[in-house]
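For reference, the chains in residue letters:
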Amino acid sequence: MKANKPFQFVTASYLVRIGNQESVSLIELQHGIEGCSDASIFYHTFQSLGRHHFLTEGFSNDFAEWVFSACNRPALAEQLASLDIRDYVSLADLRGDLRRIVGDYCHSNPREAQQAAFEPFYFCETVEEEVPLGFEAWTLEEFRDGLKRLGHASVQFHFITSRLRLHLRSNDFSQWLAKELELKELGRRVDQIDVYTNTLDSIRTRMIELIEREPVQ
Amino acid sequence: MTEVHVEPRANKIDDYAGLLGSAEIAELRALASRLEGRTVQMVNSTSVGGGVAEMLNRIVPLMEELNLSIRWDVITGGDDFFAITKAFHNALHGGRYDLPDESFKTFLAYSEQNRARLRFDSDFIVIHDPQPAALIESRANHRGHWVWRCHIDLSQPDLRVWDFLSPFVDRYDAAIFSSPAFARQLPISQYLFYPSIDPLSDKNREVEPDLIAEILRRYQIDPQRPILTQISRFDRLKDPIGVVRAYQIVKRYFDCQLVLAGGGAADDPEGEAVLAEVREAAGKDADIHILDLPPWSALEINALQRASTIIIQKSLREGFGLTVTEGLWKKKPVVAAAVGGIPAQVIHKHTGLLAHSIEGTAYQIRFLLSNPAIAQRLGELGHEHVREHFLITSNVRRYLTLFLHFQKEQ
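Chains as they are written, first to last, in our numbering: chain X, 18 to 234; chain G, 15 to 424.
FYI, nobody ran anything at the bench for these hints, they're computed from the structure.
What you are looking at is a predicted structure, and each value in this text was computed from that prediction instead of being measured.
Please note that the accuracy of each hint is not assured.
[Stated by the list, open to error] Capping the alpha-carbon separation at 20 Å, the derived lysine to aspartate or glutamate pairs in EDC-like fashion look like this: (1) X/Lys-165 - G/Glu-314; (2) G/Lys-363 - X/Glu-74; (3) G/Lys-422 - X/Glu-146; (4) G/Lys-422 - X/Glu-145.
[What the hints assert, rightly or not] Short derived list, chain X residues pointing at chain G, Cβ under 10 Å: (5) Gly-75; (6) Glu-82; (7) Pro-137; (8) Arg-166; (9) Gly-168; (10) Ser-171; (11) Asp-218.
All residues carry an ideal CB built from backbone N, CA and C; glycine is no exception.
All chains, full assembly: derive it from the sequences and hints.
Written as structure tokens, this is what we have:
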């Protein structure tokens, strides 16, 4: 089967902009989460997962990591780490939940909330530059071959950050498979690949395996 | 003003594909293709010696290979100019600035001379560190984008020097720092570019086991027993005495050896004094190997790191800590202090272990010696972390992205 519209493979490259904002305690982290830009929430959650994709055991986002290693508050760190970015299609919702979790902890533990951390949390934000890779796929076979040519940044762009762009609990790959090739089940299985327990390499390998199991069209 | 002509590299960009994968190299080419025909100019204060020159010697030819037209210029100045910029450097790192106000005029006079000699016609101009910072005065008649790349820690500068320099810095389009902790509040955008290592350099490339064995023999280090290593110059801020104390605690539980290897003692009176203190702290322990190595010891350092069981970096204050990067790249478990740029590299319990005291350092070392499988896993993940963020190719990618960003904004 040939798609009506091809899949355009894109890579994204990211700059990290350093914000003029830092937190040295949990209460300051709460204020920081309230006041920072959407690009900062994105950097410390969605982007952080992509940057640390090779950590498949217990790494979730920068906030959880800082609360654990710089504030020594494992219970709060666990709560923050339990937020699954796949549940969010808007940064406002994600910010709201981060703020609620940290705020509840600070409210219940006012002394701990004021204690100085070992090192500050520096708010940064992402600047994204998209660049088409110059190849596209019209068929499932071409799509599989294209996947084999993708670097980490491309996989991250199409599979992880696409959720915010699409405002859907899905990703570019699954969307195209379902819409253009009418392979809804394959798209669903691709979307089920766990971004927390897979590296970007193993996500790509899993997708290729799933495609190769498909009957020839 | 001198233009630097970099020798063609033995290593080509495709040589990195073996380490990174060909897709990553293809992505670099895709990014660079969007900048075809654009010109880049790097300006710093020396073409040899020091980390900036070393980095430019590697980045410039890689960018040329990616079809960017890139030029590297070095400013010139008399001994008085470089004495002032050395004092600037120390003052920006938190030391006191004792030179008279006249020194600022001398600095500006040399800057004027360099402006008169230098051609500013590139699309992207990257000025490295404080020495050439005042060249921004030339931007008035220039259409390009100006970036100030600060390689030093500006978190606690002497305000006399910073107040003099900051009006120049404020006029750039952007500044680049090696860590968010090193940045200052500025009215311009500030970007994070981590320092990087070249995995194909003598310091970091794979070395033959025979060479490692020969170097261990040369320094009478036993390959059969655990080797704890800190590589750094003999400087109190690297806390070599603290490392000896941590080793002495560990030694009660494990029959291990300590290697303290570095330079800086030969041409630095303070380094010589620190070396003497370290020797005194080590006493007559034959398992403590204190090696004062000359600057051309890249392969020896590489071999010592590769032979090590654990790499230590127990600094009291640190820049980015590239010796940590080197250890991680060699898949070694690292125990390091949570200072400077180290926490960006050592993610506690993921890519290494952080410690905040001598006792904590000793405890983490004992934990790793007791749990070799965990140590191995940390080393492997540390290697991945470096591969992803701290290699020279990542640095090239960041520059390309910044230039693309400017291009889009234009």
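For each hint, the structure was consulted:
1. Taking the CA atoms of X/Lys-165 and G/Glu-314, the gap is about 39 Å. The hint is violated against a cut of 20 Å.
2. Among the hinted pairs, G/Lys-363 with X/Glu-74 is consistent with the structure: their alpha-carbon atoms are about 10 Å apart, no more than 20 Å.
3. The straight-line distance between the Cα atoms of G/Lys-422 and X/Glu-146 is roughly 9 Å, inside the 20 Å bound, and the hint therefore holds.
4. Between G/Lys-422 and X/Glu-145 the alpha-carbon distance is near 11 Å, which keeps this suggested pair within the 20 Å criterion.
5. Hint status for X/Gly-75: holds, given a least beta-carbon distance of 8 Å to chain G, under 10 Å.
6. Using the Cβ-Cβ criterion of 10 Å, the hint placing X/Glu-82 at the interface with chain G is satisfied: the shortest such distance is roughly 7 Å.
7. Against a cut-off of 10 Å between C-beta atoms, the interface hint on X/Pro-137 holds, since the closest Cβ of chain G lies about 7 Å away.
8. A hinted interface residue such as X/Arg-166 counts as satisfied when its beta carbon comes closer than 10 Å to some beta carbon of chain G; here the least separation is about 6 Å, so the hint holds.
9. This hint holds: X/Gly-168 has a C-beta 4 Å from the nearest C-beta of chain G, less than the 10 Å allowed.
10. For X/Ser-171, the shortest C-beta to C-beta distance to chain G is roughly 7 Å, which falls under 10 Å, so the interface hint holds.
11. A cut of 10 Å between beta carbons decides the hint on X/Asp-218: the least distance to chain G is about 8 Å, and the hint holds.
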